[in-house]
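Asker: Letter by letter, the chains look like this.
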Amino acid sequence: AQKVTQAQTEISVVEKEDVTLDCVYETRDTTYYLFWYKQPPSGELVFLIRRNSFDEQNEISGRYSWNFQKSTSSFNFTITASQVVDSAVYFCALGRGAGNMLTFGGGTRLMVKP
Amino acid sequence: GAVVSQHPSRVICKSGTSVKIECRSLDFQATTMFWYRQFPKQSLMLMATSNEGSKATYEQGVEKDKFLINHASLTLSTLTVTSAHPEDSSFYICSARAEGGSYNEQFFGPGTRLTVL
Chain A
1 AQKVTQAQTE ISVVEKEDVT LDCVYETRDT TYYLFWYKQP PSGELVFLIR
51 RNSFDEQNEI SGRYSWNFQK STSSFNFTIT ASQVVDSAVY FCALGRGAGN
101 MLTFGGGTRL MVKP
Chain B
1 GAVVSQHPSR VICKSGTSVK IECRSLDFQA TTMFWYRQFP KQSLMLMATS
51 NEGSKATYEQ GVEKDKFLIN HASLTLSTLT VTSAHPEDSS FYICSARAEG
101 GSYNEQFFGP GTRLTVL
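As you go down the protein sequences, you meet chains A and B in turn. The numbers in this note's numbering rise by one with no breaks, and the one at position 104 of the first sequence is 104. The numbers in this note's numbering rise by one with no breaks, and the one at position 42 of the second sequence is 42.
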């Protein structure tokens with residue numbers, strides 16, 4: 001069985017603070033994919049990143065960075081210098097393949113205050 | 001990028017009526033589409049996997065007679081909520097898998113918010 005845990009249900013920060021969203025996953029598969037999505041109030045899921053299990057390199061995209069640690073089954077997401085527009089619910093997800101059904105974590109609601 | 005649309009984006013209906021939600025892949029063919037449900041302030045839960053030309057595969061606990069899925073073409077899957085009740089009020093999101101050789105990726109639709117009065 002696959003499982004994704006996002007222990008932080010809500011995080012509140014002040015603009016320009018850095019914030020890290022945690023994601024821990026469980027799977028018996030040796031090949032799998034990890035994702036992060038952003039869900040603003042409109043509800044539409046915004047794809048942020050996909051990472052396969054063989055690529056443990058950390059990634060940086062602008063103010064976003066991701067830390068994949070297979071040894072601890074974690075795929076954490078950091079927003080540097082947060083902005084009000086970052087306020088949303090963020091979901092971490094796990095899939096057997098990039099195009100396969102996803103198991104989502106419970107989500108973390110991020111509130112960035114001005 | 002690949003685009004997936006859903007129609008309607010929002011629907012309000014009376015208890016006991018049926019509601020059909022369409023999921024379309026606009027610029028690619030999708031042999032597989034997924035239907036997720038998201039209750040307020042909760043996560044997305046997979047309801048069923050829709051395969052073109054065959055019966056959908058439902059997740060445990062999802063009533064196949066209540067949530068009818070039809071995937072009649074490579075670009076369209078429909079979810080019909082039959083005899084809807086207030087507890088069916090939710091956000092329904094579909095995703096479509098784009099395939100090509102060893103590559104496959106899924107793209108999410110914008111979601112349909114269903115409110116049953």
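Any given hint could be a false lead.
[What the hints assert, rightly or not] Simulated pairs of lysine to aspartate or glutamate, EDC-like, Cα-Cα distance not exceeding 16 Å:
(1) B:LYS14 / B:GLU63
(2) B:LYS41 / A:GLU44
(3) B:LYS20 / B:GLU99
(4) B:LYS41 / B:GLU87
(5) A:LYS113 / A:GLU44
(6) B:LYS41 / A:GLU10
Don't read these hints as lab results, they were simulated from the structure.
Asker: Hint check: LYS41 (chain B) vs GLU44 (chain A), CA-CA at most 16 Å. Holds or violated?
Answerer: 14 Å, holds
Asker: Are LYS14 (chain B) and GLU63 (chain B) close enough, with their CA atoms no more than 16 Å apart?
Answerer: Violated: LYS14 (chain B) and GLU63 (chain B) sit about 20 Å apart, past 16 Å.
Asker: Tell me if the straight-line CA distance from LYS41 (chain B) to GLU87 (chain B) falls inside 16 Å.
Answerer: 15 Å, holds
Asker: Between LYS41 (chain B) and GLU10 (chain A), does the CA-CA distance stay at or below 16 Å?
Answerer: With a Cα-Cα distance of about 11 Å, the restraint between LYS41 (chain B) and GLU10 (chain A) holds, given a limit of 16 Å.
Asker: With a cut-off of 16 Å on the C-alpha distance, tell me whether LYS113 (chain A) and GLU44 (chain A) pass.
Answerer: 22 Å, violated
Asker: LYS20 (chain B) and GLU99 (chain B) were given as a pair; does the straight-line alpha-carbon distance stay at or below 16 Å?
Answerer: Answer violated: LYS20 (chain B) to GLU99 (chain B) is near 26 Å, above 16 Å.
Hints 1, 3 and 5 from the list above are not met by this structure, while the remaining hints are.
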